[in-house]
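Hey, can you work out the whole structure from these sequences and the hints?
Residue numbers (the working numbering): 1 to 130.
Rather than coming from a laboratory, the hints here were simulated on the basis of the structure. Each hint should be verified, as a subset may be incorrect.
[As the list claims (entries may be wrong)] Across the chosen pairs, the derived CB separations fall in these ranges:
hint : residue 1 : residue 2 : range
1    : E83       : D129      : 18 to 26 Å
2    : R116      : G54       : 13 to 21 Å
3    : V67       : D129      : 14 to 22 Å
4    : Q86       : K51       : 13 to 21 Å
5    : D129      : E57       : 12 to 20 Å
6    : G118      : Q58       : 28 to 36 Å
Keep in mind that this is a model prediction, so the values were computed, not measured. Ideal Cβ positions, reconstructed from N, Cα and C, are used throughout, including at glycine.
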Amino acid sequence: MLSGSLSRGEISVQDLTLGELVETTSRSMKDAIAFSDEYGMVLAVNAAYGKLHGFTEQEVVGRSFTVTVPQDERAAAQAAYREAFQSAAPALHRSTIQRSDGADRRVESRITFVERRGGRMLMLSAIRDI
1 MLSGSLSRGE ISVQDLTLGE LVETTSRSMK DAIAFSDEYG MVLAVNAAYG
51 KLHGFTEQEV VGRSFTVTVP QDERAAAQAA YREAFQSAAP ALHRSTIQRS
101 DGADRRVESR ITFVERRGGR MLMLSAIRDI
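So, in structure tokens, the structure goes:
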């Protein structure tokens with residue numbers, strides 16, 4: 001659970017679960033959304049993620065994001081993920097994913113971070129087909 005509180009004006013958010021955060025931030029988004037930890041473990045995805053990648057939520061949550069990367073590119077993808085998580089600024093990345101049916105797709109990912117107490121907790125990736 002992401003706990004804590006944020007208030008600004010009349011807006012107040014307290015003790016949101018990651019699922020609630022995903023649902024409220026991505027309900028109407030067409031982009032695939034994924035939250036992952038510093039090691040690349042997928043913690044939550046939206047429905048568009050499943051459509052783009054061809055995997056169900058149950059097939060990716062709790063596993064490394066590299067499950068969606070072609071086998072021969074997984075080590076490089078994991079290294080790039082670590083570098084992105086430690087980089088100073090959010091970025092745009094282009095890569096190849098492998099759908100559950102084996103088809104490769106080029107995608108563009110915009111990343112940003114969920115931070116707490118000055119440290120990065122999660123990576124938020126918004127992914128689209130290019």
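Handout entry: Which numbered hints fail
Key = 2, 4
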